[in-house]
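J.: With the sequences and hints as input, model every part of the structure.
Take a look at the letters that make up each chain.
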Amino acid sequence: MDEKKHRLIMDRISKHFPGVKALTNVSFRMFPGEIHVLMGQNGAGKSTLIKVLTGVYSIDSGEIRLDDKEIRAQSPLEAQELGISTVYQEVNLCTNLTVSENIFIGREPMKRGRIDWKEMHAEAKVLLKRLNVDIDPTKQLGEYSVAIQQMVAIARALNISAKILILDEPTSSLDSNEVNELFKVMRKLKSEGLAILFVTHFLDQVYEMSDRITILRNGEFVGEYKAEELSRMELVSKMIGKEMDEMEQVQELVESHSSIGHQSPFLETKQLARKGSIERFDLKLYPGEILSLAGLLGSGRTEIARILFGADRADQGELKIKGRSVNLKSPRIAIDNGIAFCPENRKSEAIIDDLTIRENIILAMQASLGIFKYLPKKKQTEFADEYIKLLNIKAPGPETLIKNLSGGNQQKVILGRWLLTNPDLLILDEPTRGIDVGAKAEIMKQMGLLCQKGMSILFISSELEEVVRTSHRIAILRDRHKIAEIDNHNVSQQDIMKAIAGGVPNEK
Amino acid sequence: MKNKLFWPLVTLAVLLLANLIHNHDFFSITIQDGHLFGSLIDILNRAAPLVLISIGMTFVIATKGIDLSVGSVVSITGAMACLIISKGDGSSMSVLFTALGISLLLALAAGAWNGLLVSLLGIQPIVATLILMVAGRGVAQLITDGQILTISSKPYSFIGAGYLFGLPFSIYIIAFFFIIASVLTRKTAVGLFIESVGTNPTASRLAGIRSGLIIFIVYVLCSFLSGISGFILSSNVSSADGNNAGLWYELDAILAVVIGGNSLNGGRFYLSGTIVGALIIQTLTTSIYSMGVPPEVTLVVKSVVVLVVCLIQSEAFGSVFAARRRKRDKAAKQGVSA
Ligand SMILES: Nc1ncnc2c1ncn2[C@@H]1O[C@H](COP(=O)(O)OP(=O)(O)OP(=O)(O)O)[C@@H](O)[C@H]1O
Ligand SMILES: [Mg+2]
Chain Z
1 MDEKKHRLIM DRISKHFPGV KALTNVSFRM FPGEIHVLMG QNGAGKSTLI
51 KVLTGVYSID SGEIRLDDKE IRAQSPLEAQ ELGISTVYQE VNLCTNLTVS
101 ENIFIGREPM KRGRIDWKEM HAEAKVLLKR LNVDIDPTKQ LGEYSVAIQQ
151 MVAIARALNI SAKILILDEP TSSLDSNEVN ELFKVMRKLK SEGLAILFVT
201 HFLDQVYEMS DRITILRNGE FVGEYKAEEL SRMELVSKMI GKEMDEMEQV
251 QELVESHSSI GHQSPFLETK QLARKGSIER FDLKLYPGEI LSLAGLLGSG
301 RTEIARILFG ADRADQGELK IKGRSVNLKS PRIAIDNGIA FCPENRKSEA
351 IIDDLTIREN IILAMQASLG IFKYLPKKKQ TEFADEYIKL LNIKAPGPET
401 LIKNLSGGNQ QKVILGRWLL TNPDLLILDE PTRGIDVGAK AEIMKQMGLL
451 CQKGMSILFI SSELEEVVRT SHRIAILRDR HKIAEIDNHN VSQQDIMKAI
501 AGGVPNEK
Chain U
1001 MKNKLFWPLV TLAVLLLANL IHNHDFFSIT IQDGHLFGSL IDILNRAAPL
1051 VLISIGMTFV IATKGIDLSV GSVVSITGAM ACLIISKGDG SSMSVLFTAL
1101 GISLLLALAA GAWNGLLVSL LGIQPIVATL ILMVAGRGVA QLITDGQILT
1151 ISSKPYSFIG AGYLFGLPFS IYIIAFFFII ASVLTRKTAV GLFIESVGTN
1201 PTASRLAGIR SGLIIFIVYV LCSFLSGISG FILSSNVSSA DGNNAGLWYE
1251 LDAILAVVIG GNSLNGGRFY LSGTIVGALI IQTLTTSIYS MGVPPEVTLV
1301 VKSVVVLVVC LIQSEAFGSV FAARRRKRDK AAKQGVSA
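Top to bottom, those sequences are chains Z and U. Residues in the first sequence are numbered consecutively from 1, following our numbering. Residues in the second sequence are numbered consecutively from 1001, following our numbering.
Read the hints as simulated data drawn from the structure, not as lab findings. Don't take every hint at face value.
[Stated by the list, open to error] In silico lysine-lysine, BS3-like type, Cα no more than 27 Å apart, as pairs:
1. U:K1302 <-> Z:K403
2. Z:K284 <-> Z:K270
3. Z:K329 <-> U:K1064
4. U:K1302 <-> Z:K377
5. Z:K378 <-> U:K1087
6. Z:K403 <-> U:K1187
7. Z:K403 <-> U:K1064
T.: Pasting the structure below:
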């Protein structure tokens, strides 16, 4: 192996932010034509390692060598010119621009001082072909699915001379078919000699794709392993630094509590619908139960969640809370009725970048209290500290700006925001997206505990495994229709998969 | 963390020192008939209207908005107050309060108009407030009949020209409203909500904040404060000039907010920064006059100073220098090792 030449060597890299040692003497290397997975818990330093490589941040010490030449990119653009192509964890595409504009933004092909549109569209077409995507580059990006948008992000990153492709959690918003498409493309690029750095929290994907694995823990280098020589258990315990069996407990928690059916539902919908987003559906949510919505991306899961939270308005049907008919015209009204909602789109719909962890956590509660009953700062800090501890949020303290947290930790802050309001119904849209294995188990455990206390939870996840493990009932959605409801007694992932795809489910 | 107030304060100090060098009596304050006199007092007094408007503008800008109509509101309230007083008994307190009350209602209505256009109809703030910026001046001229309306009212002129305990009354007005604004932002949730809405309106709505209401409130507040400024300005000269009163105040106010370290992208805001910013602008204006800079170049001087302050505060500008320094250091190191 070592006769092959290194494509990239990052040697003893250190990087600190005020109050945080994000990276301490981390080493990392890649060979041409390999897929290298970078693993670590939320806040371990994965995204930071990527960003020092691509010139978003400068390093405190260490050395970076690309094809045996020392490099130090001062900006992402410079890195791209050196052949380092990156799709960041928080992708910033403009859905109201065309596909080609998104690909070439900032480096449009010019002819006589003007943008050469013809050339641009043609080149976009070629780039997308390379990724097995056949779409019209003159159309607005927003017209295509998230998966296609992801490919466009990759196309934007890849130029002809790319030597390294970096994908920071590209799969967290894709469903399994789309993930497979992406993997095909990755294999193709790998065979063309590209070195691919891939960050993911999904163990299956790690073992499906990786040649080698580098593990980080708390900003430190744990080790580099060949994928076939590292077992799953070893991988997880190296990542979190201790053994794990919490996953088992979750199942017990859920099973120890199944006295549903005798009580009256907390929330009930009759023929509720919204034109263009979800067809009429009936749904009952009981206190102390977890109901999952299963379906492909775009099947109407998020749409149901948004309607139940008043983020979008239903235009037909009836919604009852505790037997009373309610018109959920706005999130404010839903919150007043004891409903909470963690949206799937963390960056644009949940976090308030410029505010601190403390302010982000108390925001929903303060909004309920109103303008004049302002929580004293001391109380706010107490709440923030409480949830930082409860949810194990990795941060120097409650006054850290939320935008300086790692993606997974931001997600936990948002969860804390809603737990603080002590809702009757908690709607979680992909709450485990971008969250590491340990934290995932933690969140699912919390869900179990909360529903034992009588909270009802509406859970949306693309991970069928999570759905099966946690929920009491599962509603199946396809093409904006609710097509079935399954009681979760010995249901397997295959059963649900079949139901989603159109097989005959054991309907009730 | 570096204090946001640092550069604005340095700028202000530099300006004041420059004045001191030019005029050695600049800092001296004398007492005549129990009133304090001096350049510093004069600057504070003259800055009063701008300070008030800038406080309002800070809130608006913190929500990612902008209010171009403040100058027009200044002229409307000034004109209305003068009109009512000119029709009645200039020395009567009841006439005075009617005049102030009605004019302030007008200011509130103007703010509500802006607020509705922006929050309810979703019109871009710059366009929405441009409407009133243009129309408002017309309204003011209608009120004054296109003339300069001169009045003589002792109680009214006290607002902008009177003295209390040796200090100009307008200084008390700005102190009062600054305290109110600080209390509003520190002791109530208004500050948090404004910053939240300004940073991410969608996420704020989904957290249960009535984003529309908050946006409405800031435009009303801004107009209200502009209305008060209208009184100070017109009572100071005991006349209302629909055409020229408060002209270009929107630009000065926006500058004051920006110089004070606030970002036009909304989010975090710094009221005390804004106050310093407004004082910088007024000091600049005053010193340009007192140093006898020819009128043709005053605007150029002003813009150069503003440009410099903004550059110093700009992160991008700072990082260009940092990057250069890094390169230089690296080059130096290589030079040593070679
Ligand atoms: N700009 C910044 N300012 C301050 N601290 C930062 C900044 N960016 C990252 N950090 C901190 O550095 C540490 C590493 O963060 P990083 O984003 O690299 O984690 P990660 O491994 O990518 O996690 P995740 O799986 O959640 O995405 C975290 O503690 C984070 O809070
Ligand atoms: Mg990350």
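J.: Would you mind marking each hint as holding or not holding in the structure?
T.: Cross-check of the supplied hints:
1. U:K1302 <-> Z:K403: violated, 36 Å
2. Z:K284 <-> Z:K270: holds, 9 Å
3. Z:K329 <-> U:K1064: holds, 25 Å
4. U:K1302 <-> Z:K377: Not satisfied, since the Cα-Cα distance of roughly 41 Å exceeds 27 Å.
5. Z:K378 <-> U:K1087: violated, 55 Å
6. Z:K403 <-> U:K1187: holds, 25 Å
7. Z:K403 <-> U:K1064: holds, 19 Å
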